[in-house]
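Grab the two chains, each in its own frame, and use the hints to assemble them into the complex.
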Amino acid sequence: MVLMLRNQELLSKIATSNGHGEDSPYFDGWKAYDSDPFHPTQNPEGVIQMGLAENQLCFNLIHEWLLKNPEASICTAQGAAEFRDIAIFQDYHGLAEFREAVAKFMGKVRRNRASFDPDRIVMSGGATGAHEMIAFCLADPGDAFLVPTPYYPGFDRDLRWRTGVKLIPVVCESSNDYQITIEALEAAYETAQEADIKVKGLLIPNPSNPLGTIITKDTLEALVTFTNHKNIHLVCDEIYAATVFSQPEFTSIAEIIEEDKICCNRDLIHIIYSLSKDMGFPGFRVGIVYSYNDAVVSCARKMSSFGLVSSQTQYLIASMLADDEFVDQFIVESRKRLAMRHSFFTQRLAQVGINCLKSNAGLFVWMDLRRLLKEQTFEAEMVLWRVIINEIKLNVSPGSSFHCSEPGWFRVCFANMDDKTMEIALSRIKTFMLQHKEAMVPKKKLCWQTSLRLSFSSRYEDIMETPGSFMSPHSPIPQSPLVRART
Amino acid sequence: QMGLAENQLCFNLIHEWLLKNPEASICTAQGAAEFRDIAIFQDYHGLAEFREAVAKFMGKVRRNRASFDPDRIVMSGGATGAHEMIAFCLADPGDAFLVPTPYYPGFDRDLRWRTGVKLIPVVCESSNDYQITIEALEAAYETAQEADIKVKGLLITNPSNPLGTIITKDTLEALVTFANHKNIHLVCDEIYAATVFSQPEFTSIAEIIEEDKICCNRDLIHIIYSLSKDMGFPGFRVGIVYSYNDAVVSCARKMSSFGLVSSQTQYLIASMLADDEFVDKFIVESRKRLAMRHSFFTQRLAQVGINCLKSNAGLFVWMDLRRLLKEQTFEAEMVLWRVIINEIKLNVSPGSPFHCSEPGWFRVCF
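Those protein sequence lines, which keep their order, are chains A and B.
Quick note on numbering: the first sequence equals residues -5 to 481 in the numbering used here.
Quick note on numbering: the second sequence equals residues 304 to 669 in the numbering used here.
Pulled out of the complex, with its shape left as it was, chain B reads as follows (with noise of 0.2 angstroms):
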């Protein structure tokens, strides 16, 4: 399996911790005390210390260069909740949200599925790394003029699935400046942020609001996070919608009702994040660990021919085997995606549910 973007590197630090803080389960001798309050807690402001704890893990995994405020943490089913409840928010049903392509598949369904929100694509091209360029945001934004569509906002993946690259900071505040001047909202999935393992580092766009250097409305700007890949606790269900903008944080809250954190786990989450030193040794570690594997990954690729995104985070490599295609097209892809499930016996990911505009490329976990 190496289409699951999961991170198992770090599961024996869990571990060890876990087995030095029985009192962070409610469920152990030490804990157990606490679990009457804990399975009685449904307030949808959450545990007041997992709000906390997520609120300065966020700021760690940010290198201190941006603080959060506990109170605009807004809880919500998993990234995968946290997208369908921020598009509730922002848009009605026939607007539309633009995305960079490529982008993860899961989006069609997140944003689109039971909202009645359309998505957009962003053309990004290998020929310049797919960068987010201005014109091809412009012609986006154009099409849905063109199309009588609303554009409520636009939703950029830092870093980046499938592609494991961040967006410079230049980038980052051009994007800003470009939706403050469209008045449209700008959401940052910053869900892989903690899994940057090299430089350039990671910029998020809570740097930039911090920074206050250009002019920016913040009424527009929230961010989507989740510990299923910075911590590896997809299981978990962990899901924040963080947002500048004080109206949303109420709605998103009532929302959330829908979609809460078990209070079981917001429990163990609020201990586990609020020790420093365990936190800033699972950090550093991470980032090893997730630089040492990409590394050797991509090393022996390359000695084989195959060449990857040249990339600094996430849980995977964005593959070029152009090459490899009998022809530029998808359907070649998809014969080649076949090839590899069924002989090689790998599930990676083709490029064309990603919506890539180019065929060849495909997602490599490791």
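Isolated chain A, as found in the complex (with noise of 0.2 angstroms):
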């Protein structure tokens, strides 16, 4: 007690806050993982881990582009001789081969269906950075961007700690397969303007973190025409862009610029991306912002100064990008074993009577568990959860932490594993699973349950200030802390 006053008076109230969202259950699996980690061998019953949104699939393409070009590298014989001069650039406009090698593989990702400017791009602290450098430059402390639930929980402390920003959800739910409505976002603008907060902008992560979907394009147009009609930002976090495998193709905000055939004002369009999902790379830091707003791009150039990217890595990505048979062999094998990954684990699910939500994109599936909850609450969620991180032994992410406004979905990796462990894994739920058919809740109630509303206390205010509060399994009522849902 005596050492927490004496941070409160030492320490920023930032410091002292619980806005770095570590209270959340997403983060508690990572800790369970972490203290029992799974390992083939040394500790084959360990914790899978489940929870961890990485693409491991293809690093012996990396592997064999790398033993091929070693002058991509500062540390090589090949090129050591670029050391001094990589060693000492700091420019915050970047190597100028990385940018460039970077817009054209964006470009490739999107098929060539849009085409992206060097110029615009500007460099940040990984996907994390950027989120929160993208805030900074839009958003006043007090401020407010619209997201749609789910959303990934790091969302929580990238666009607010340090920031002051406000995150306010856009409800999506399963009864239509989570699709953005113009009537939630119009109600989550509603409930911005009636407790007199300023909405700056939407952020729609596309393809969508958890639930591996993507928007359509007619949404996306409609999701353009909402934020000019308002006159706010459209932020699109794109990091998920290349690990689209199958049908529909993804259409990224830059198609829709790029056709120019609805009204949009550039000025508001922004794209987030990162080299942490597509290429795998997360512990390079390649966070990048592209605004097609040129005040964005002279701030966000300045502010990339707190986050710049490894000249070193830089020098590496520019020379890996440019490479167009590599780049275009890795798009097409990466999709490839992602489908092939997602369809074997999806089939395997169902077979044991576990279905996911229809899913074309990202390296997770979202779960339908609700079946085999005790009864459709968060509690009865947190308590499958801990079922299936300390029985099963596999992390997995439950829905609450992603502010899912219905109990029962979890979020579960696939592509971070090899083919041995995937299928421990399997077997790990299908024994789960025969043990508690009896358990499992029948469809027919399941039904009649999920057709009641839940209804939402609007302590709006209390969790706004208290970011991350409701997150805690350890909250008495673990209310969702969403808007009161309009029918």
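The set of hints was computed from the structure by calculation and includes no laboratory data.
Heads up, some of the hints might be wrong.
As the list claims (entries may be wrong) - Rough simulated footprint, nothing fancy, chain A against chain B, three-plus residues with beta-carbon under 8 angstroms:
id : segment
1  : 307 to 317
2  : 565 to 574
Said to hold, decoys possible - Simulated pairs of lysine-lysine, PhoX-like, Cα-Cα distance not exceeding 25 angstroms:
id : chain 1 : residue 1 : chain 2 : residue 2
3  : B       : K453      : B       : K485
4  : B       : K516      : B       : K363
5  : B       : K421      : B       : K453
6  : A       : K192      : A       : K224
7  : B       : K453      : A       : K7
8  : B       : K557      : A       : K7
9  : B       : K557      : A       : K25
10 : A       : K224      : A       : K211
11 : B       : K472      : B       : K516
12 : A       : K368      : A       : K387
13 : A       : K424      : A       : K368
14 : B       : K584      : B       : K359
15 : B       : K485      : A       : K7
16 : B       : K591      : B       : K363
17 : A       : K296      : B       : K557
18 : B       : K359      : B       : K591
19 : B       : K613      : B       : K472
20 : A       : K62       : B       : K323
21 : A       : K102      : A       : K211
22 : B       : K557      : B       : K421
23 : B       : K421      : A       : K296
24 : B       : K485      : B       : K421
25 : A       : K224      : A       : K194
26 : A       : K7        : B       : K421
Fair warning: this is a prediction, and the values are worked out from it, not measured in the lab.
Cβ coordinates follow ideal geometry from the N, Cα and C atoms, glycine included.
In structure tokens:
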């Protein structure tokens, strides 16, 4: 207690708040994994990590390329002559060849249906840094962004912690496969108005984390129209763009802009990108802010000083992504392997009676375990989650940590392990399902329960003032802090 | 270009080391097996071997008169990110840090822009070789009080940019006492620690802490470090926040997500700085070359009648051109500066952006 008080005197409010969001169950699962991690030989009974959205399927291709291209590194005999110039290069514009290669890659990932201007590419400290940076550029403390639920828990920290910006959920539901409706948008916007909160933008991850689905072109156009009408920004997080592995094809906001078919103020359009998911390089911290607004590019570029990409890494990426043959092969092969892994995983789950939301992108599935809940509450979801971690020994992510409005959904990652580990994970799931057949709520009863509208307390101000607190599994009443649902 | 504080004197040593140590890179035939594990490594604790190597390096740079705990090493986006991060951890918008003048212009952005924190100058003057006096500190502190501004800390750059001088041990102890007395933080930017090339020797705040001779609340002590100046690697964005305060380490570590060091770079640095023989040689050779360059430069300047502040560190000299000013004003300083750029064709840095209280001084990098 004394220590807390002393810290409160000595440290900043930001430091003593829990705006870092680590009290969320999203991170609890990681802790369980960290203390008992699975290893095929050293710890075969350990927890298998299925809570980390990593793309590990194509590293053999990378490895091959590295050995063939020693000049891409400033540390090899072939590349060391460049070491000095690269080591001293700290210009916040970034290496021209890096920006060009990234711009080209972004175009290829979108099947060249859009092209990107290298001069609009601004670096940031991973997508984490990119999100924070765009919030700093577009919003003041107290302003808000609308975000469709369910959404990546990291947004709570990245967009809010040090910026003072708020997030207002746009509730999406399984009943229509989580499509973003104008009604939900308008409801969220109105909630802000009523609370006297200024909405500065709408943030849409597309493809979606955690759903693995893409936004249809029609919906995308509707979102552009909505934001234009309200004169708010549209921030499109497209970091999973290259993980779209099957139909329907992905439509990037960049295509909408280039098509120029609908009315759109380009100064409101911004893209967040990264190589963490598409290439599988989260460690390299390659975050990108791409804005069609010149003033935002200019400001973001200055801010990028706080999180530039290491010049050593810029140099490597510039070389790798400039190799057209390699990139084309990588994109195709990555899609193929993701498709196979997804198909294999979902089919085996279906065999034991587990359904997932139909998806065609991402490194995870959105698993429907509502039938396994003792009751359709978030408390029951937490109970089930602990069973999954402690008994089945899989780290998965409960839907509540993604601000999902309905309990019983879990995000499960499938691209961060080899085939053998996947097989073990599936057999553990199968064993569990066979053991708990009787425990499952019959479908008929489930339908009746989900037709009930959960009533939400509009303790809106409390929730927004204490970031992360409602996510704690220790909350006495795990009510969803969402807008009262409008029919 | 004489306005950019870069250290380019020892790259041949680095080059030699790279060719002898291909396994330090994840892109060589010898190192590529590590590529995947490193490429997916995004843990904000950073690679253990990176933290250990940096901690060891920091100790060696301080002639092992202090040792550093790898678990207190937190990454940041260069020193730029480190300064912003420490401000976010220690101060609220509207709070202030005291900073001795003249100081690095980047502080105005790094510590204030997105944080809303203020900087209050502690005026130091050439008359006493810019030593930080208690009177100046108290004056600055009082200015804050009168303006109803809460002072959260004192930021000292040691060795100093732009002066190239070091803070004496006595002064350092006095600063610790001052900060303790006022219960404010002491943030020590030691990014030029390895650029001390001659006597008197450098005393790090870490030595004061370890000596434990004077009364000091360790929760108030923090060090900012980087490899940009000491190693000459500004492009690699290796910023470090080292705090003796556990809560700050914990908070800073979470914030480091916004500016982690690329795992590819962590891996290289871990290997390079673990090589004791190389590091010992590098530190000695770097000092030697800096000393030679400094000596050569200042002697030649003296021959044409230009004096510099007596200095023994840094990558620059603090040049006294007051005699060349038409009048002792900052406008005259700007006029002179334009002459230096447009006629002499040298980019140097005028004293006013460094918040120097007296016109006529210029920072010149060598």
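Cross-check of the supplied hints:
no.: 1; hint: 307 to 317; in the structure: holds (count 4)
no.: 2; hint: 565 to 574; in the structure: holds (count 5)
no.: 3; hint: B:K453 with B:K485; in the structure: holds (11 angstroms)
no.: 4; hint: B:K516 with B:K363; in the structure: holds (22 angstroms)
no.: 5; hint: B:K421 with B:K453; in the structure: holds (10 angstroms)
no.: 6; hint: A:K192 with A:K224; in the structure: holds (11 angstroms)
no.: 7; hint: B:K453 with A:K7; in the structure: holds (14 angstroms)
no.: 8; hint: B:K557 with A:K7; in the structure: holds (15 angstroms)
no.: 9; hint: B:K557 with A:K25; in the structure: holds (15 angstroms)
no.: 10; hint: A:K224 with A:K211; in the structure: holds (20 angstroms)
no.: 11; hint: B:K472 with B:K516; in the structure: holds (12 angstroms)
no.: 12; hint: A:K368 with A:K387; in the structure: holds (20 angstroms)
no.: 13; hint: A:K424 with A:K368; in the structure: holds (19 angstroms)
no.: 14; hint: B:K584 with B:K359; in the structure: holds (15 angstroms)
no.: 15; hint: B:K485 with A:K7; in the structure: holds (20 angstroms)
no.: 16; hint: B:K591 with B:K363; in the structure: holds (16 angstroms)
no.: 17; hint: A:K296 with B:K557; in the structure: holds (23 angstroms)
no.: 18; hint: B:K359 with B:K591; in the structure: holds (21 angstroms)
no.: 19; hint: B:K613 with B:K472; in the structure: holds (18 angstroms)
no.: 20; hint: A:K62 with B:K323; in the structure: holds (20 angstroms)
no.: 21; hint: A:K102 with A:K211; in the structure: holds (19 angstroms)
no.: 22; hint: B:K557 with B:K421; in the structure: holds (24 angstroms)
no.: 23; hint: B:K421 with A:K296; in the structure: holds (19 angstroms)
no.: 24; hint: B:K485 with B:K421; in the structure: holds (18 angstroms)
no.: 25; hint: A:K224 with A:K194; in the structure: holds (9 angstroms)
no.: 26; hint: A:K7 with B:K421; in the structure: holds (16 angstroms)
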